[in-house]
Structure formats: structure tokens, C-alpha cells
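Trainee: Below are the chains, spelled out letter by letter.
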Amino acid sequence: MASTCELSKLAYSKIILHAFKYPHTAINGVLLANEGSNSQSVKYVDAIPLFHHNLGLAPMLEVALMQIDSYCRTAGLVIAGYYHASEAVAEMNPDPVSQKICEKIAEYFPNACLVLINNRQLSMQMTQTSLSVIQYSDGKWKVKDKENLKILPNNEAALNSVSTLLSKKLYKKFVDFDDHLDDVQQDWLNVSLKSMID
Amino acid sequence: MEKQYKHWEDVRDLLRNWREENCRQSEDVVDLWNEVLANHFGKLGDEGWLVLEQVFIAALDCHNMEVANFCLSKLNQEFPDSLRVKRLKAMKYEASEKYEHALDILDLIIKKDETNAASRKRKVTIYKSQGMIIEAIKELTDYLRIFMADQEAWMELCDLYISQQEWNKAAFCVEELLLHSPFNHLYLQRYAEIKYTQGGYENLEVARSYYSQAAKLNPKNVRALYGLMLTSVHMASNSKCPSQKKKESIKLSEWATNQLSQLQDSNDSKLFSSQILEGMGNLQIGNDSKN
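Going line by line, the protein sequences match chains A and B. Going left to right, the first sequence walks through residues 1 to 198 as the UniProt record's numbering numbers them. Going left to right, the second sequence walks through residues 1 to 291 as the UniProt record's numbering numbers them.
None of these hints come from the bench; they were simulated from the model. Since this is a predicted model, take the numbers as computed values, not measurements. Among these hints, one or two may not hold up.
What follows is a list of derived Cβ distance ranges for each label pair [said to hold, decoys possible]:
hint : chain 1 : residue 1 : chain 2 : residue 2 : range
1    : A       : S3        : B       : K112      : 45 to 53 Å
2    : A       : S137      : B       : S239      : 34 to 42 Å
3    : B       : S82       : A       : S137      : 56 to 64 Å
4    : B       : H180      : A       : R120      : 48 to 56 Å
5    : A       : R120      : B       : T125      : 16 to 24 Å
6    : B       : K247      : A       : A90       : 50 to 58 Å
7    : A       : G36       : B       : H101      : 52 to 60 Å
8    : A       : K168      : B       : N258      : 37 to 45 Å
9    : B       : Q151      : A       : S41       : 45 to 53 Å
10   : B       : H101      : A       : T164      : 36 to 44 Å
11   : B       : Q151      : A       : D138      : 44 to 52 Å
12   : A       : K168      : B       : K43       : 27 to 35 Å
Pairs of lysine-lysine residues, derived as DSS-like cross-links and limited to a Cα-Cα distance of at most 27 Å, are as follows [to be verified]:
hint : chain 1 : residue 1 : chain 2 : residue 2
13   : A       : K100      : B       : K169
14   : A       : K104      : B       : K240
15   : B       : K89       : B       : K112
16   : B       : K98       : A       : K21
17   : A       : K140      : A       : K21
18   : B       : K98       : A       : K172
19   : A       : K173      : B       : K240
20   : A       : K104      : B       : K169
For each residue, glycine too, the CB sits at the ideal point set by N, CA and C.
Could you put together the complete structure from these sequences and hints?
Mentor: As C-alpha cells, this is what we get:
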């Protein structure tokens with residue numbers, strides 16, 4: 001009985017926009033699900049982009065998670081997953097830092113998923129979801145089959161929507177937590193982009 | 001890139017700025033070249049060759065091989081025996097993932113000119129692109145034995161060690177950088193971050209003092225302020241901390257919190273104070289030897 005992992009169009013778009021904004025570095029972020037979610041079949045409704053520099057350093061990660069946790073409590077959400085794109089184009093395995101962070105997330109949300117971006121499949125006109133998912137359950141990492149990863153409302157619509165966003169170069173306005181730390185006025189929730197994505 | 005640059009002189013000045021500041025704006029560089037500067041290349045004079053090199057590298061970054069090939073052929077025509085142009089050829093092979101060819105060219109350049117630093121650094125990037133981080137580290141440490149004043153290289157080595165979670169070695173690299181520039185608040189902050197990540201009460205103390213120095217040099221360094229707040233609160237709640245240092249820590253964290261709320265003038269400043277201090281205990285990711 002395989003459990004599915006679903007990503008809302010918003011979460012998926014944010015992941016891709018983040019990757020496109022910083023194509024030359026590794027990037028990471030967390031995935032949010034509704035509070036009280038059934039952790040067997042996870043539906044990620046939002047994504048918060050974290051860093052594009054030195055993903056392995058702890059202090060800013062702790063600050064970011066605290067602020068996101070705070071936000072989640074007001075919005076009825078919970079940190080339930082993590083996404084990552086490697087710096088090297090061919091790298092398809094999660095690095096130790098990603099695993100550590102996701103294991104920490106899994107302490108609070110069992111069966112948290114680690115979504116890895118397949119760099120080679122990214123393009124301005126998206127034809128593939130370019131993601132692979134591994135799930136942490138019972139202390140072990142298990143790779144999820146492609147059929148169990150769904151982008152809502154359906155893969156094709158999401159891909160078309162993201163391709164439109166990319167053609168408009170909206171990733172230039174995208175803000176991650178590192179950008180916020182460089183300039184506190186920048187909004188890591190990307191509220192203004194949300195309306196354009198929907 | 002909202003402003004429409006119509007005049008080629010403005011574009012030339014902008015590209016010059018980016019060259020001097022070493023900015024990575026590859027998409028914009030290629031767009032500006034295609035839209036404006038390509039038609040006015042003759043007017044650029046000697047600067048034109050620098051622009052071609054810049055556009056070439058930007059085009060490789062965007063994988064726009066047409067523009068890259070055009071730039072390279074022009075440069076090759078003008079400077080047929082140049083080692084600098086040969087290095088650009090190696091970069092083109094690197095961009096096409098033909099790493100063996102790239103390495104051959106770079107080795108030839110280094111043989112001809114042992115002082116050619118840039119080619120040695122490109123070898124490091126070739127290993128890094130393939131995910132061969134250990135080899136990249138070895139190549140870079142060999143390079144630094146010869147060119148030990150190269151700050152960019154020390155920073156890169158620090159990043160490589162961080163990715164391998166070799167905290168002591170990463171800290172050593174930042175120490176080298178601090179020897180060169182002891183008043184660089186970014187280096188101080190980076191050192192503090194590494195020490196904090198290492199964990200343990202002593203490292204926490206070191207991190208706090210480096211964060212303090214960074215915040216003193218630049219009270220607008222948000223990472224230093226957050227770091228100061230984090231380290232102070234952790235220290236104050238640690239049993240190993242003597243009471244005088246506890247008071248000191250609490251004062252420091254209050255100062256940092258105030259600075260942060262001043263920087264952010266919206267309502268979100270509420271996020272800084274009580275909620276963060278409340279959440280402190282739950283989300284420690286670093287080594288568990290903090291307590």
C-alpha cells in the first residue's frame with residue numbers, strides 16, 4: 001500500500017522558481033502541510049525557500065526554522081518536508097546535510113519527504129516534473145516511485161503554469177531566506193508572487 | 001532588469017561595473033549584448049575584448065553556445081597565441097562537460113606558465129562540477145601552498161570543507177582570511193557560524209565573541225545580530241555558564257533584539273522577541289553537544 005506525496009501548484013512553482021533564481025548554487029527549503037495531516041499520504045500546500053549559500057551552517061537554519069514555525073502556527077500549517085537542489089548538475093543523491101535536516105523534521109512530522117530536484121530535467125519549457133522523492137520512515141530512507149508523486153491539479157497543468165512563470169522571468173522577484181537576511185525588507189513568504197502563481 | 005538601456009554607452013558602463021565588482025548576472029549580460037552592444041562592438045575599442053570575454057563567460061553560464069562560439073572566435077582571431085584565450089577554450093569544454101579535453105588544455109597552459117593562477121583554479125572547478133569534492137579540495141590545497149594570499153581561494157576552500165562537514169578545517173580557512181582582513185565583518189560572522197555549528201559550550205563562547213565583533217563593526221549585519229541573539233540565549237540557559245556571563249549574555253541578546261526590530265519596521269518585529277526565545281529549545285539542528 002504505497003502512500004502518495006502530493007505537491008500543490010504553489011509549492012511546486014516555488015521550488016522551481018527558487019532553482020531558477022540560483023542555478024549556479026545548491027538551494028534548499030522546507031515544505032509545509034496542513035496541520036493534522038495524515039502523514040501516510042502527504043499533501044504539501046506551500047514551500048518556503050531557505051538558502052543558496054553554505055547550506056550546512058546551523059545558526060541561520062535554526063533562526064529560519066523558528067520563524068517559519070511561528071508563521072505555521074498562525075496559518076494552521078506544519079513543517080512536513082524538505083527540498084534540495086544540488087550544486088553539481090549530475091548529482092542525484094541527497095547530501096548528509098539534507099538528510100540530517102529532514103531527519104530532524106521527521107521527529108515532528110513522521111514520514112517527512114525529502115524532495116530532490118533533478119537538475120538535468122529543468123528547462124524554460126518544463127516537460128517533466130524534475131523531482132524525485134525519498135521518504136524517511138521507521139528510521140530508513142525509501143525512494144518513492146514516480147507514480148506516487150503528484151502535482152496538483154495535474155502534472156500537465158502545473159508544468160504549463162510553471163513554464164509561463166519562467167517565461168515571464170518571475171524568478172527574479174523571488175525571495176528566499178538568504179535574501180531576507182541580506183535585506184530584511186524582502187518578504188520570504190513571497191506573498192506578492194502568490195497571486196501571480198494561482 | 002526593469003530599466004530599458006537604449007544607449008550603448010550606458011550598457012558599456014554597466015558591463016564595466018559588473019566586471020569590476022565580479023557580479024554574476026549572466027542572463028542580463030547576454031541579453032544586453034544581444035539587444036544592444038553586439039551592434040556597436042566596433043565603437044568599444046580595446047575594451048571590446050574585455051567585453052567579449054565577459055559575454056563569453058556569461059553565455060557559457062546560460063549555455064548559450066551560439067553567442068559563446070561567436071565571442072571565442074573573435075577573441076581567437078585577434079589573440080591566436082594567447083594563454084588567456086586558451087583558458088577560455090578550456091572553459092568551453094568544461095561547459096560542454098568534456099572535462100578530459102578541458103584538463104588537457106589547462107595542463108598545457110600550466111606547463112608553459114607555472115605562475116598561471118587562473119588555470120589552476122579552473123582545474124578545481126572541473127573537479128567540483130563533477131561532484132569530486134575530495135579531489136577538488138586536494139587540488140585547491142596544493143594551489144594555496146603556492147598562492148597563499150589568494151583570498152577567493154581560501155573562501156572557496158572554506159565552502160568545500162563546510163560541504164564536507166570538516167568544521168576545523170573550514171575554521172582554519174577563515175582564520176587565514178581574518179589574518180588578511182581582521183576587520184571584515186563577513187569573515188568574522190562566517191567564523192562564528194562555523195564555531196556555532198561545531199557545537200559545545202566553548203565553541204558557543206567563541207561564536208558569541210565573533211558575532212559581537214561582527215555586529216560591532218556592522219550593526220546592520222542581520223546574520224551577526226541573529227547569531228548574537230542565538231548564542232547569548234543558549235549561553236544564558238547553559239548550566240556551565242557563570243552568573244556574570246549569564247547577565248552579560250542576556251544584555252547582549254536584548255541589544256541584538258532591539259537592533260533587529262529597528263531594522264525591520266513592520267509589525268513582524270513581534271516575531272523576534274518572545275516567540276523566538278520560546279522556540280529556542282525545540283529546534284537545535286547542530287551537534288547535540290551544545291549542552
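Trainee: Determine for every hint whether it applies to the structure shown.
Mentor: Results of checking the hints against the structure:
Take S3(A) and K112(B): their Cβ atoms lie about 60 Å apart, and the range 45 to 53 Å is violated. Separated by about 36 Å at the C-beta atoms, S137(A) and S239(B) satisfy the suggested range of 34 to 42 Å. Distance hint check: the CB atoms of S82(B) and S137(A) are about 58 Å apart, consistent with the given range 56 to 64 Å. Between H180(B) and R120(A) the C-beta distance comes to about 39 Å, which lies outside the given range of 48 to 56 Å.
The supplied range of 16 to 24 Å is met by R120(A) and T125(B), whose beta-carbon atoms lie about 19 Å from each other. The given range of 50 to 58 Å is respected by K247(B) and A90(A), whose C-beta atoms sit roughly 53 Å from each other. The given range of 52 to 60 Å is respected by G36(A) and H101(B), whose C-beta atoms sit roughly 56 Å from each other. At roughly 40 Å, the beta carbons of K168(A) and N258(B) sit within the given window of 37 to 45 Å.
One distance hint, 45 to 53 Å for the beta-carbon pair Q151(B) and S41(A), holds here, with the actual separation near 50 Å. A C-beta distance of roughly 38 Å is found between H101(B) and T164(A), which places it inside the suggested range of 36 to 44 Å. In this structure, Q151(B) and D138(A) meet the distance hint of 44 to 52 Å, their C-beta atoms being roughly 47 Å apart. Range check, K168(A) to K43(B): Cβ separation about 33 Å, and the 27 to 35 Å hint holds.
As the CA atoms of K100(A) and K169(B) are separated by approximately 21 Å, the hinted pair is consistent with the 27 Å bound. The suggested pairing of K104(A) with K240(B) holds, with an alpha-carbon distance near 26 Å, which does not exceed 27 Å. For the hint pairing K89(B) with K112(B), the CA-to-CA distance comes to about 16 Å; that is within 27 Å, so the pair holds. For the suggested pair K98(B) and K21(A), the alpha carbons sit about 26 Å apart, so the restraint of at most 27 Å is met.
A hinted pair counts as satisfied when its Cα atoms are at most 27 Å apart, and K140(A) with K21(A) does not qualify at roughly 32 Å. Restraint check for K98(B) and K172(A): the C-alpha separation of about 31 Å exceeds 27 Å, so the hint is violated. Taking the CA atoms of K173(A) and K240(B), the gap is near 46 Å; set against the 27 Å cutoff, the hint is violated. For the given pair, K104(A) sits about 26 Å from K169(B) by alpha-carbon distance, which is consistent with the 27 Å threshold.
Hints 1, 4, 17, 18 and 19 from the list above are not met by this structure, while the remaining hints are.
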